[in-house]
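Engineer: Listed below are the residues making up each chain.
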Amino acid sequence: MENEFTFALGPVAIGTSVITTWGIMLVITLIAWLSTRHLDMLLPGKLQTTVEGIVAAIDEAVAAVAPEHGRQIMPFIASLWLFLIIANLVGLIPGLHSPTRDLSVTSALAILVFFSVHWFGIKTQGLKNYLHHYLSPSPILLPFHILSELTRTLALAIRLFGNMMSLEMAAMLVLLVAGFLAPIPILMLHIIEALVQAYIFGMLALIYLAGAIQSQQLNSQE
Amino acid sequence: MEFNLSTFIFEIINFLILIWILQRLFYKPLLEVIERRKQFIDQSLNDAKNLKQQAEEQCNRYENRQKLWEEEKQAALTALHRQLEAERRAHLDRLNADLEQERQKANVLLSKQRRELQQQVEKQALLNGAKFAGMLLQQSAGPELEARLFTLLMDNLVTLPEACKLCLTMFGTKKSVPVKITSAYPLSVEMRQQLEQKLGALINSQINFQYHQDQLLIAGLRMDIGAWVLNVNLQHELTGFAEIANEPE
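The listed protein sequences correspond, in order, to chains F and C.
The opening position of the first sequence corresponds to residue 1 in my numbering, with each subsequent residue numbered one higher.
The opening position of the second sequence corresponds to residue 1001 in my numbering, with each subsequent residue numbered one higher.
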């Protein structure tokens, strides 16, 4: 699976994943703008009701994991979920590929999760308190904590990349072998897998963020 | 599986921009609308709760007031019934007293009417008796009855009451006492002598006897001695009989 480049801005090459991402961003921005153009508090329309339901569901899910700091991390998690769902499903459109089958894209999202964990952890607890949790329950575990941080970030990137790439590859192989008999089940499998992978990536990011935010509180309780 | 740094950096920038756009365009307005709606619903619920509480308080207040009214009404009804009963008893007592008074009046009136009727009957009986006796005595009167009444006069002169005797004695102070003797039938000489002798014994003065005859006496005599009159005749008796009937009660 090669990264196809369409054009270059000087020394910087722009690949299809980036262009697809821009398209996805444009679509999401358009939907967001259309749905929030005329918000009515008492008599919401169908589109407003739908997007309110989506945002309220995400907000409740985030609040259930991180009740005290839900509103701080909700934009990041919600953006992850919305982007990943569309990015995973965009591969169903003929001629397009999911950006998430590109390791560079999933690595970028994983790195963002990695830095977000530390950013929100330091923001809510302070640098000293946040770094202190790496020494608990014993300083001996510091290397393991650091290793855990790195591996779980790597796992995030590889898991999403591997699943989406393998899904598209498997679908392509099945289509080559079975012809016109298999497309519909394969498409259904693609939809389910896309939703599940988006959910897993977002939920893991949420858990990591909540863990970083609440680690000091857990230490205090212990 | 190739890793491209430029794609990696672009994706990081893209995603950060996407977060920024969505935060400005999507999450913030939607969450604000949801929050405002929630506040509106909470406010409406609080208002409804307050209204319900006020309604319940008013309901309780009105129920208590209605209960008080019922008690007042019951008390007023009881007082009214007592007052009506008292007035009814007083009215009944007054009616009974009036009735008793009317009954007594009626009894008195009935007794009076009975007495008057009885008096009228008695009066009529006396008048009838007097009339019948007068007719009978007029038919049966004669010299024999005259003689018998003369004898009775002689006996009465002997047995006169002390007051009468004293009155006749007082005539003795006069020189001459006129005595008018009226009889229904002419008196015999012997009868006149007996009479003059008797009166002379009672009156110690000179007596001037004058004899008259009057058929109206039916039988018997009448003596006029000054203002003193002695009647021993049937006409006088019948008149007295009739006067008894005419005497008021």
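Read the hints as simulated data drawn from the structure, not as lab findings.
These numbers come from a predicted model, not from an experiment.
Be aware that a few hints might be false.
For each label pair, taking beta carbons as the anchor points, the in silico distance ranges come out as [what the hints assert, rightly or not]:
id	chain 1	residue 1	chain 2	residue 2	range
1	F	Gly53	C	Lys1073	58 to 68 Å
2	C	Leu1051	F	Pro185	56 to 66 Å
3	F	Met188	C	Leu1051	33 to 43 Å
4	F	Glu60	C	Ala1048	22 to 32 Å
Note that beta-carbon positions come from the ideal geometry of N, C-alpha and C, so glycine has one too.
Engineer: Work down the list of hints and note, for each, if the structure agrees.
Structural biologist: We went through each hint and held it up to the structure:
1. F/Gly53 - C/Lys1073: 58 to 68 Å: Holds, at about 60 Å.
2. C/Leu1051 - F/Pro185: 56 to 66 Å: holds (58 Å)
3. F/Met188 - C/Leu1051: 33 to 43 Å: Since the Cβ atoms of F/Met188 and C/Leu1051 sit about 53 Å apart, the hinted range of 33 to 43 Å is violated.
4. F/Glu60 - C/Ala1048: 22 to 32 Å: Holds, since F/Glu60 and C/Ala1048 (Cβ atoms, about 25 Å apart) stay within the stated range.
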